[in-house]
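Q: Listed here are the chains, written in short residue letters.
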Amino acid sequence: MLSITCPVCGPRDEDEFVFGGDASAARPADPHTLDDQAWTDFLYRRDNPAGAHEELWFHRFGCRRWLRVRRDTRTHAILAAPRLAEDSGTP
Amino acid sequence: MAQPYSLTALLRHAFSGHRTWPAAWRAPEPKAAYDVVIIGGGGHGLAAAYYLAKNHGITNVAVLEKGWIGGGNTARNTTIIRSNYQQDGNALFYEHSVKLWEGLSQDLNFNVMFSPRGMINLYHTPADRDAWVRRYNSMRLNGIDAAVLNTAEIAALVPDLDLAAGSRHPVLGGVIQRRAGVARHDAVAWGFARAADRRGVDIIQNCAVTGIIREGGRVVGVDTTRGRILAPKIASCVAGNSSRVAEMVGLRLPIESHLLQAMVTEPVKPFLDVVVSSGAHRVYVSQTDKGEVLIGGRLDGYNSYSQRGSLPVIEEIAAGAAALLPRLKRLRLMRSWAGLVDMTMDGSAIISRTPVEGFYFNGGWCYGGFKATPASGWCFAHLIATDGPHPLIERHRLDRFTSGHTINERGAGPSPHLH
Amino acid sequence: MTQPFRLKRGGVCIDRTRPLTFTFDGRSYQGYAGDTLASALIANGVHLVGRSFKYHRPRGIVGLGVEEPNALMRVGTGTRAEPNVRATTAALVDGLVAQSQNRWPSLRFDVGRTADLLSRLLPAGFYYKTFMGPGKGWMIYEPFIRRAAGLGAPPDGVDPDIYDKRHAHADVLIAGGGLTGLAAAVAAGARGDRVILADDGAALGGAPFAGSDIIDGLPVADWVARAAERLAAMPNVRVLSRTTVAGAYDHGFAVLVEEVAGSVPRHRLWKVRSRRLVLATGAIERPLVFPGNDRPGIMLASAALGYVTRYAAAPGRRLVVATNNDSAHHTAIALKQAGLDVAAILDVRDSIEPARQAAAQQHGIPLYGGAALTRVYGSQRVTGVSWTARLGDGRLDCDCLCMSGGWTPTVHLHSQTRGTLRYDTAVHAFLPDQSIDNVRSVGACAGTFDIADAVAHGTAAGNNTTAPAPLRRAVAAEPINMAQAFQNDGRKSFVDFQNDVTAADVRLAAREGYRSVEHLKRYTTLGMGTDQGKLGGLNGLSLLAAELGSAPGAVGTTTFRPPYTPVPLGALIGRDQGEALQPSRYTALHDWHAAHGAVFGQSGAWVRPQFYRRAGESDLDAVNREVTAVRNNVGLVDVATLGKLDIQGPDAAELLDRLYTNGWKKLAVGRSRYGIMLREDGMVFDDGVTARLGDQHYVMSTTTGNAEAVFEHIELLLRTAWRHLRVFVTPVTEHWFAAALAGPNARRVLQRVVHDIDVSDAAIPHMSIRRGQVAGVPARIFRLSFSGELSYEINVRTTDARHLWERLVEAGRADRLTVYGTESMGVLRIEKGHVVIGREADGRTTPDDLGLGKLCATTKDFVGRRSLSLPALVEPGRKQLVGLVVEHAEDRLPVGAHVVAEGRAGPQPSLGFITSQAHSPTLGRPVALALVAAGRSRIGERLFAASPTASTSIPVTVTEPVFVDPEGKRLDA
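Protein chains in written order, with my numbering: chain A, 5 to 95; chain B, -14 to 404; chain C, 65 to 1037.
Some clues are possibly wrong.
[To be verified] Simulated restraints, written as ranges between beta carbons of each label pair: (1) GLN41(A) / ILE204(C): 51 to 59 Å; (2) PHE65(A) / PRO283(C): 50 to 58 Å; (3) ARG956(C) / THR9(A): 52 to 60 Å; (4) LYS16(B) / GLN41(A): 34 to 42 Å; (5) THR623(C) / ASP258(B): 25 to 33 Å; (6) ALA(-6)(B) / ALA419(C): 52 to 60 Å; (7) ARG211(C) / PRO155(B): 31 to 39 Å; (8) ASP497(C) / GLY235(B): 32 to 40 Å; (9) LYS16(B) / THR623(C): 27 to 35 Å; (10) GLN425(C) / LEU(-8)(B): 51 to 59 Å; (11) LEU181(C) / ASP258(B): 27 to 35 Å; (12) LEU(-8)(B) / ASP461(C): 39 to 47 Å.
[Claimed, not checked] Covered by chain B, per the in silico footprint, the following chain C stretches (three or more residues, Cβ under 8 Å): (13) 641 to 648; (14) 972 to 984.
[As the list claims (entries may be wrong)] In silico negatives: residues of chain A with every beta carbon more than 10 Å from chain B: (15) ALA30; (16) PRO32; (17) ALA33.
The hints are simulated quantities; they were obtained by calculation from the structure and are not laboratory data. All C-beta atoms in this analysis are idealised placements derived from N, C-alpha and C, irrespective of residue type, glycine included.
Starting from the given sequences, assemble the full structure and let the hints guide the process.
A: Set out below in C-alpha cells:
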C-alpha cells in the first residue's frame, strides 16, 4: 500500500488515488503537424522504464487534483515530493 | 536418446528406486553461434523453440533464460485456458491454442494436466448479459464451443454459488465454454523444454542477455552473462520485460509493465469443479487438483516491475470471491503473488517482425499469456522460420499501432491500466 | 485418569483452576484454560493427530506454533467449522470440537494409507510422466487425484462470524514479542515513541527457554513479566497478543491479523503505517532428516520443551534427543531439569565441545557423538530408535524423540520488504543482508541467538541506535546429515512433512534437472503446504545443494511473499459484504419511486427505476404504456444521474472547442448544443448537451457512467497540456436534481408550475435554456430532447427534488401524466436512433461509424482529431450504425445477436452485431440499432439477427438508424 503525499491533503493511502499513466507523454501542441508515426508515438508508445517513472495520479477520494509523482517502478519508492500537475514540468 | 515417459517406464524405474531417470533436459554450454536465439525461457520461448524444431526442422536453436526456465509469468498465473474472445483476431488465435492444448500432453510426452473442466462467466445486469451473449454468439459463428446457461443450470454446476436475488450483484445467468479449463502451469514450461531439448534445442539457464549486437541495421547476435552468442535471428519472448529487451535494439513499444495479482487458499477437498468468473466482482475462481482455491483478480493499476502486489487488490479479491462463493469466507489465504504482465495499448498481444531486421518480437500478452502458450509458440516459430506471419496472427503486427488497426478487446483506449 | 501426561507442577500459560472439556474425533478429553489444542492433546498422551497429504501416513504434533505441518484439524461445528486449523496455535476453549482430517474411515485405520504402500510408483512428479492418454486421459484420472488430495473438507455454508479492520499509525512497529522484541518495545516506549508490539502467541516471551536462563539477573520468566508490566504502564505502547504480522508492504505499511480470543469480532485486520519496522521474529528449529522421521512422537526439541514449560504437558515418558547442534543440549538438560526422563543425546557431530560433554555428564544424560539415526520403531507412535555411532551402534526404547537440525531465522518479513539475504555457513541458514530504510532485523531472526546479545540488540533497535558487537557467536549447527537422509532401505526420510516430500524426491528432482530451488519446490511440492516450508524449506535446499555439489547459498532461496501465515479470508473481507461491498447510489427521489411501483435496475453504481409496474402488467406492458404516453401525451422521468459540470472562465468556450468535436465559439448565451467528445485515439468517449448560461459560464452534461471520468479527463488536460486556459471546472452532479418532462403535452403541464418564465416555443426554442422559478423554487429549464418529443429538462437544487417532482406530478394529473423509467427512456431513444455511450459507442467506434461525422469540425483541433485520419479509421468496411426492423412483427429479437447474411445454423462470418434493441410500440414490432460492416451501404438489405447460442435467426431489414420522426418535427410540437 503506497503512501502518496498529496501536496494539498498530506500523506494518504494509495486507495484514495487513481493512476493516470505516464506523465512524460506530453500532448503535442499541434497534432496535425505530426505524421502518423510521430502521432502514434505519442499515443501508443512508452519508455516503460524499470526505475524512475514520471507519472500522474488523481486524488479521486481527496482534493480531486492531478498530481505528478516520480516513482521507482522496481521498488515503488517515491523519489521526490509529489507536486500538483500544474506546478511541475513544462506546459 | 531418452526413453519416453509412460506408466511402463514409471514401473520399470520403481524397481530401481527411481535412481536412473535421465535429466528432463540437458544443461549445455552455449555454442558460439546458432541459427536462432530465443531470449526468454518461459512457456512462450520454449514453445517457439519446440515448434521451430518440430514444424520447421530448425533445431540449431538456443533458448536463453536469465534465471530458471518457466520462472516468470509461466510460474505466476492462474492457469486458465479459454478462447472466449470477442475480436476475431483473438478468438481464432486462442481457439487454435485450445486445440493445441487438447493434444499437448501426448505431443510433448509430458503430462501438462490440461483439464477442460469448463469456465463460466456470470452476468449480473441486462447490459452485462447482452455483452456476454453477444461474445458467445460470436464464438459460435467462429466455430468455437459456447453456450448460455440459466441460473438453474449454473446452480447444478456450481452448487455453492450465491444465487440469491438479494445479493449485491444478483446472478442473472452465465455463459460457458465447456472446453475451457486449466493446466499445470510449471509442467508446460518443463514439457516444452524437454520436448525441445530432445529435438536438439539448447536450453541455457542462468544466461542473461546484456545486449543485442547489430551490424548494418540487422541483428547478428547477443551478448550474455555467459559470453557472446551469434545468430542471424533473435527472437524476444520476455513477458514483463519486453520494453527492456526492445530497448536494446532501440525500439519503444506500445507496452507498459503492470502487476496482476492472484492468490490461493489452503487446500480443501474438492467442491468446485469448474472455473467461475464474474466481471461485477472482478474475480475468477477455480480449485486446483491439490485442493487450493485459486482466485485471480485485477491489475494493481500502476506501472511496476516489482512483482510485489499491494493489499487493496487482495482485499477486493477476497471480498469478491466470497460474495460469489460464501463458504470461502472461512478459508484462509495461503499464498499470493503478482505476475509482471506486459499490457499493450489495445489489450491484445503482439507477434511480429520489427523495424530491426532479424529481430522478432513476441509479447504484450496482457491477461492472455498462459493460455496462448502453445499457439504463441506455433505462430512465432512460423514467423521466425518463414519471415511471414501465420494467418492467425496477421492482425497482431507491431505496426498496427501506427496504422490504427488495433485489436481493442475491451474498447478501453490507450490506457493499459484501464484494460 | 485424565491428562496422564500433565506434569504435577509448572506450566506458565495454563490455569489449573479452570479445567476445560473438549473432544477430538468424538472422544472427550480435559485440558486447562491457556492450553492450545495441541498441548491439551499432548497432556492426554495423544500424538497421532493427522494423516499426510499424499501417502496418508500417520502423523503427530511436530511443532509448537505456526510452523506445525501435521496437526491440522477441523475445529468447530456447523457453519463455524473451520478446516486445517493448526492445533498448535488454536486456543483451547470449553466444548471445543476437533476432528482429524484426510482419513477414511478413521484416523487409526485409513484406507488412503495404501498410497504409502504404492509409494514406489509415486515419486515426486510421477503424474507428469503418465496419465497422458489416450483421448481425454487426464480427465479420467484427475477426479481420483482430486479426491485424494486436499486436506480438510471445505467449510459448510455461510460463516456467521464478524470480522473487523482497523487502521493505526506508529513510530515503531515491532514484530515479535520474544525477548528481543520486548527489549525493543521497552526501549522505544521509554523514549516516547508510539509503539505497536505484535506477537502471535497468547503470552509474550517468545521461544521456550530453560528455567535456568538468566537476563539482567532475573530468570527469563520474571524478566518477561517485568517487561510486560512496564509496557502495560506506557500509554504510548499498544501490545497486541495473538496477532501475526502477516505482511510487510511498501512505505512502512504492514498488515496484522489479530485473533480475538473467543469474542467478537473473530479476527481483526490491522493496517499499520509505521515510521520504523523492527523485526524480532525469532527463528524456527529445523527437523532432522532421517528414515522414519515422521513417526508420531517425534517432534522438535524446542517444541517438546515448550510443551513442558508453558503447559506442563510431557511429550513422553522417556525422551531421546537427536541433534546436530549445541542448542538441543541445552534443551535436553532443561527437559531433564523439568523432571523428564531424557535417555540420551544423539549428536551427529564427531567432535563435541568438552563443555557440552561435561554438562551432559553432570546431568546424567548419556551422550553419543557421531551418531546417525538408522531406524525408528513403532507404527503410530515411536517406541524406540536405533543409531550407528563412532563408538558403536545403539538402540533405545523411547516414546518421544526430540530432534534439532539447527535454527532457521524467520526472515520472511525482511524479505517481504525487499531486504536481501545471504547464506550463513555457521547457522546453515539465510540471514538478512541488506535491509531497506527503516526496517531492522534483530535477535534470532538476524542470527543473534545468545539471549544477552539479543536483548542488547533489541534495546538498540528500540532506541534506533547502533547495536553493540555481539558477545558470543551464533549457535553453530552442522549441515543436514546427507548419508542419513539419503539412506534408502525402503524407509522414507521426510523433508516436507505435510506434502510428503522425501530426501529421495529431492535427489530425483536434482537428477532430472530441476536444479533451481524454485524448480525443486514446484516439481516436488516442497514448501507448498500450509506451513509454506517453514520447517522443510532449508533442509530441502541443503539436500539439493549437496546433490548438486554446490553451496546451499548458490542454489538460491525462494522469495518470501505475504502472508507469513495463512490469513482468514473473513479478515481480509472485514465488513465489505452485501451493500457495503460496492455501495449503490440513489437519487433524491428513490423513496418516491419505490412507493410508486418502480422496478429498479442497476446502472453502474446507480439504482434507477426501469419502469413503474401497475397491477396486472407484464414488464413489456408497462414499458409499452409508458412509451406510448410519452409519444402521445406527456411523461416524467428522473434523470438526476446525468453528470453535470459547471464551467466558468474567459476561456470556457475555448475549452469546449478543444474537448468537443464541433464548434462552440458561436453558441449564444441562453442556447445549448449537443456535442461528442473523443478519446485521443479517435474513439467516441462521451456525449451530452452543454448550455451557455452566461458570457463566461457554461454547464455541461455528461453521461451517467462517465460523470467522473469526463471531469478527470478535462482536469488532466487543463492541468497539463492546456494550463494556460483560464477556466475552472466544478463537478455539480449531486447539487442538481433533474427531471425531464416529455411529450406533446409537456408544455401545457410545465405552464402550470411556472409563473415568471415564458415557456412558449418562441421564448424557449429547442436547444435553449431559461432560469427562473419552477413550482416556486429556483430552477433551470433546458429545452432539449432525448425521446424525440417536445421536452424540458428541469434542474432544481437536490434538496428541492421531491417538491418539484410532486408538483409536476400534480400539475400533470389533469393530462394523465405518466412517470416513466430508464427502460422506457431506452425504447424512446432507440426509436429515435440516439446513440448511448457504452452501447453504440463501445470504445471502438468513431464519430463517422455512428453517423456523426458531420459533427466533426475541420477547422480546429480537438481531442482525438489527429487519430481520425489514421488509415484504419478511414478505411472502407468499418462497422457503421444502422437500424434493423424485424420482418415479421411477431418475431422477437434474441439478446446478444449478431448480424449475418444467411439464415442458417453453423459458423458464418459476422457482419456486425446489435447494440440496442426494443419492442417499438410506435412501429408495433421489434427494432434494433446495430453496428454492421459497411452498414450504410446495406440500407434496404435483408439480413439475419442470429443468436447461435439460442438457436435463433430472425430476418431483418437494414434501415436508417431512426425509426420515428426522422425529420424531427415532433420536437416542435
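Q: For every hint, state whether the structure bears it out.
A: Comparing the hints with the structure gives:
1. GLN41(A) / ILE204(C): 51 to 59 Å: 55 Å, holds
2. PHE65(A) / PRO283(C): 50 to 58 Å: Roughly 53 Å apart at Cβ, these two residues keep to the hinted range, so it holds.
3. ARG956(C) / THR9(A): 52 to 60 Å: For ARG956(C) and THR9(A) the Cβ distance comes to about 58 Å; the hint holds.
4. LYS16(B) / GLN41(A): 34 to 42 Å: 38 Å, holds
5. THR623(C) / ASP258(B): 25 to 33 Å: Holds - the Cβ-Cβ distance for THR623(C) and ASP258(B), about 32 Å, lies within 25 to 33 Å.
6. ALA(-6)(B) / ALA419(C): 52 to 60 Å: 55 Å, holds
7. ARG211(C) / PRO155(B): 31 to 39 Å: Holds, since ARG211(C) and PRO155(B) (Cβ atoms, about 33 Å apart) stay within the stated range.
8. ASP497(C) / GLY235(B): 32 to 40 Å: The hint (32 to 40 Å, Cβ to Cβ) holds, given that ASP497(C) and GLY235(B) are roughly 36 Å apart.
9. LYS16(B) / THR623(C): 27 to 35 Å: The hinted range 27 to 35 Å holds for LYS16(B) and THR623(C), with Cβ atoms some 32 Å apart.
10. GLN425(C) / LEU(-8)(B): 51 to 59 Å: Once the Cβ atoms are compared, 57 Å apart, the range 51 to 59 Å for LEU(-8)(B) and GLN425(C) holds.
11. LEU181(C) / ASP258(B): 27 to 35 Å: 29 Å, holds
12. LEU(-8)(B) / ASP461(C): 39 to 47 Å: Cβ of LEU(-8)(B) to Cβ of ASP461(C): about 43 Å, so the range 39 to 47 Å holds.
13. 641 to 648: holds (count 5)
14. 972 to 984: Our answer is that it holds, as 5 residues pass the Cβ test (under 8 Å) against chain B, meeting three.
15. ALA30: 15 Å, holds
16. PRO32: Label holds. Min Cβ-Cβ 15 Å, cutoff 10 Å.
17. ALA33: Its Cβ never comes within 10 Å of chain B, the nearest being 19 Å, so this holds.
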